[in-house]
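Protein chains in written order, with my numbering: chain A, 4 to 325; chain B, 10 to 352.
Just so you know, not all the hints are guaranteed correct.
[As the list claims (entries may be wrong)] Within a straight-line C-alpha distance of at most 25 angstroms, the following computed SDA-like cross-link-like pairs (lysine to any residue) qualify:
hint, chain 1, residue 1, chain 2, residue 2
1, B, K123, A, W314
2, A, K298, B, A137
3, A, K159, A, S28
4, B, K123, A, H128
5, A, K298, A, I30
6, B, K123, B, L202
7, A, K298, B, L202
8, B, K123, A, S303
9, B, K39, B, H322
10, B, K123, A, R206
11, B, K123, A, R315
12, B, K123, A, L312
13, B, K123, A, I30
14, A, K298, A, Q130
15, A, K298, B, A296
16, B, K39, B, F174
17, B, K123, B, Y256
18, B, K123, A, V309
19, A, K298, B, G150
20, A, K298, B, L136
21, B, K123, A, L23
22, B, K123, A, R123
23, B, K123, A, G126
24, B, K123, A, S28
25, A, K298, B, R350
26, A, K298, B, H322
27, A, K298, A, P321
28, B, K123, B, A223
29, B, K123, B, A113
30, A, K298, B, D152
31, B, K123, A, R212
32, A, K298, B, A223
33, B, K39, B, R215
34, B, K123, A, R200
35, B, K123, A, V120
36, B, K123, A, K298
37, A, K159, A, W91
[Unchecked claim] Computed from the model, here is a short list of chain A residues facing chain B with C-beta under 7 angstroms:
hint, residue
38, G137
39, I140
40, Q144
No lab work stands behind these hints, which were simulated from the structure alone.
Where is the CB? At the ideal position from N, CA and C, for every residue including glycine.
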Amino acid sequence: MKPVAPYLLLPVIMLLAFPLMSGPSWIALTVAGLAMGMMLFLMASGLALVFGLMDVLNFAHGGFITLGAYIAVSVLAPLTGWVNAGSWELNLMARAAAMLAAAIVSGAAGLAFEAIVIRRVYGAHLQQVLITVGGLIVADQLIVAIWGTQPLPLQKPAVLRGSFQLGGAAIETYRMAAVVLGLLVYAGMHFILNRTRIGLVVRAGVENREMVEALGYRITRLFVGVFVAGSALAGLGGAMWAQYQETVTPAIGAEMMILVFIVVIIGGLGSIGGCFTGALLVGLTANYIGFLAPKLALGSNIALMVLILLWRPRGLFPVGGR
Amino acid sequence: MTRQHPVLRLLLLSLFLALAFAPFLFPGTKSVATASRICIFIVLAASYDIMLGYTGIVSFAHTMFFAFGAYGVAIPLSRGWIGWDAILVGTIVGAALAALVSAAIALLSLRVQKIFFSMITLAVASLAQILATQLRDITGGEDGLTFSLPAELQPSFRFLADPIFGVRADGRLIGYYLTALIALALFLLMQRLVASPFGTVLQAIRENEFRAEALGYRTIVYRTIASAISAAIAAVAGGLMALLLRYVGPSATLSFDVMTDILLMVVIGGMGSLTGPALGAALVVLAHYYLQPFMQMGFDSLADVRILPALIHPDRWLLWVGTLFVLIVHFFPAGIVGAFRKH
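So that you can see chain B by itself, here it is in the shape it has in the complex (with noise of 0.2 angstroms):
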């Protein structure tokens, strides 16, 4: 693996130490659930990029995978078994559900061709979408599932009578610091993993499939194994955003916005380094919470004009998200990373 640009170093080192001290940097409670929000994307951002960036294919259920894990932590949670080991046991059993079916899929598709299995999991990811909704009495069907958490995460628990610096020492403050520590061991796990001997036969079989299988890897081995970790990382990230949310719905976890959030990250950051969709998951997170008021800002003082309103209107979002996924696909795509790799 290249070194990495100074510049990359330094805006991955002050993001994790603006994630490290956010409660304290910028309290509030809306601030503190977009930084977990950040937290949790840079994890599913990162663990798509192992597909993406590190393997060269593109897996369209990547949102079911991290559903699986968020479903997992929901169900136990919201039919009374509040605790701990409820939220392990349901973390675990999304994160193994999810890497045996995303291995079921790569064994099945990518012994043919990569293409197909890109077409395999938009189906498979669209009939887990059905049947979260459909299957009421697990799922809740469209409503999803709300749920309390374990005393120790509540914001009315403290764990010390004074405040810590102005800010309270409540169960949220424990919740993100539970979020972040984990998304940090995650990320660390993830860097670990590319850097290993694995993960360099993973980037010589993106670069030259053909070369690799031709130096005894079996391709297809490597790829399966590169998937069902993938996913079930994602899974992890899906019981974090469940506890985040408390609450867990098709619209939140399975829908095809998250997967082009997910999309978005990793190509605007950079595909093929883990700094990439870090970075990318913070600008995308803090661009919908600050940039979509804007666009209501300008849908109401435009409200007069003709056609452009219905443009700019809050709900086209995706429009520009769309707009801008394609110009930078076409003329940057090595994203954010590949701006300081050259030079």
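Just chain A, same shape as in the assembly (with noise of 0.2 angstroms):
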């Protein structure tokens, strides 16, 4: 039996942000939130599969969020022309090629992170929170003496500036490009862990995997997979939201990572629909208490947490056992 209150949440609280604002401040809000969360859940759903494959919480995961950054900053310079033209065609080609080059980086940074510090530090949760704290030290400080301290500036592609109107609402096409990619690649997700073979051994690894080594997978080559596909991920989520954002700094993956935790903790560690849930829930409240009392936005994600901690204390959809 599935639990159905937390799926409740959602809908709740866009409706209870509703009387608070006018309809059309709400629609660009809610979709603002949308935008946030689907980029969140980029970043977050690697760490919830990893987590809840291996027992294994990957504290620099961070770092793979700013690489994608930076590496999209550094893919679209020698495009500029692509990014300012105003084609679709040359303009989701640099896109394209920014996104792929961030994804396809982290990914790999992800296979030899995986390869020279994860893998030795399986089961013992002590050592792999310190190992992967230094870890996130050397790759921060890397990135820092490639790339700077600067912030660097980064540019929309010029079809998804500005905005259009829907309901009386100014909505930043952007925004709408970001939704559209995260429900695709949820979809994707989706589509990968529920209708194939592969997808439903990590799911039963996630659940049991003693298990599922029994019945003669070799759930560690898997588990490699599942970690390059979720550093890819953040790396993605981080190429998106440094153009969202315009701007790179090196602080970007810590400052993100800080509402990952969150996100996971809220959807419950190693669950896809709960990261999901949760980095929706997460995107919207900061929204909504942005808008309506910005003092209490930097609380408001933390004040969240607690309340779900407390009504459902592992988080809204746990996983097997845990």
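Make one complex out of these two single chains by using the hints.
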């Protein structure tokens, strides 16, 4: 029996916010919140799966977010002509190149990180936290050594700048694009996890690793794949978030990681559906509260997490015996 | 608790003796400030080890508790209430607040999973950092708070007309011995704590939580109390730090760099014994003072080479610290103390 109440949380929050503001701003904020939630989901999903599958909590995950953002800057810099061109094709190509490069480089970095650092600390939580924090420090410093500490500007593609009207509200085009891309990735992950054989084994591994191993699957090899995919998704999310913010700083990964942790705690570590719901909840809350009471915006996500943990100590959608 | 290797005892004893006579052995403002810093970080690292080494939980909010004490002292002093009573009240309020917040985080997260605790402390610590920079009226924002100390702690104050063994008997000397004595008292208190039945239960929980629970110990209660005590002691160390610097700001007390230093001290020295963090604290503070200028020299001499200078620039200090950290966690998880344990 799956609990129903957690699913209702999203519409409840959206409805609660509705009477507190005008219609158009509610629409604009909801879209902004969903867009932020989608990007958060990209960054958080890898972390949640890796934890679910191997009980590995990777504190260096934020490094992949930063890396993806900087790769996007480096790829887009020589393509400025394409980015500023008014045509869909050139814009899309520049964007696709940046995102692809971000995902590939972050994925490759993930492969190396898994082999060098993570593999040696399976099963030891304390050492895992320590060693991945050390890895994060090294990764951050290398990124600073390469790209410097100055914030780097980053332009959105020309056709995705500006906004369009919807129900009297001005919606930024880029936000809509982020929502669409996030939904596509979610649909893709949902398909792979629920409709393919690999997905079946991954889900089974999350529920009960020993049993899957006993059935003859090499779960460590599978885990490497999931880890690389998770890192690539983090890089992709970082690249999208950087374009959304239009600047990149070395702190981008650390800032997002705070929200990512809140998302996976709210969602229940290891659950993709929970991660998705949690990301949308965090995105919406951040935007609503940021509009209604900007001073409280800082603490609103932590307050949300505390409330949810008081209600459901194991997160909204706990997985297996965890 | 197992008896410690004689070499370790000797190291700890010589560290304490060096600190006890630091103003006379190493005269000079800078070296006495370094010695004060070592005393403070010994307390900070040891209190962190109560969490990390004895209880087996990783907190990222230790700098936040450190900052509670530092701001607790700085806020009354910077508003013109300059006196010993202000320092005492500020430290007590800071420590009480630290214990309360720490207990709340522990109660919220530890009943589920230890790993939640690490993530929640990270989130709360970053919130504290943002608050400290934004609440300008209270914390002075990014600039922090500067303040003056009670007359007895100022360099111009003389409690004896003649120097003692060539060292001026001024307020700085009082300040150093005040710091050193409080640090020693807290260190002994912690040693007593971990050797007590309470400390034994903590270690039992670290080794096998399930079994400890089965023996009838309510693990969450023990963990919560341990994290509250550790936070309160960190706050007192923060108060001492504020007195040493005569300044409190987000980067000096709250930044992730301070957290990295604490982690490094505990891991280099060795988790799960208080001797380890004490030795680690001395090593890391000394390295900060004497190795970083060394990197500058290397940077200057290699300025013509292409990539190398970027890697040994003094600002890249953390790069090497981080690499060292990963290597130690990987190859010597028990640190210096562990090196003497097996033989």
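Would you pick out the hints that fail for this structure and give their numbers low to high? Per hint list: 7, 13, 14, 15, 17, 21, 24, 25, 26, 27, 32, 33, 34 and 36 violated.
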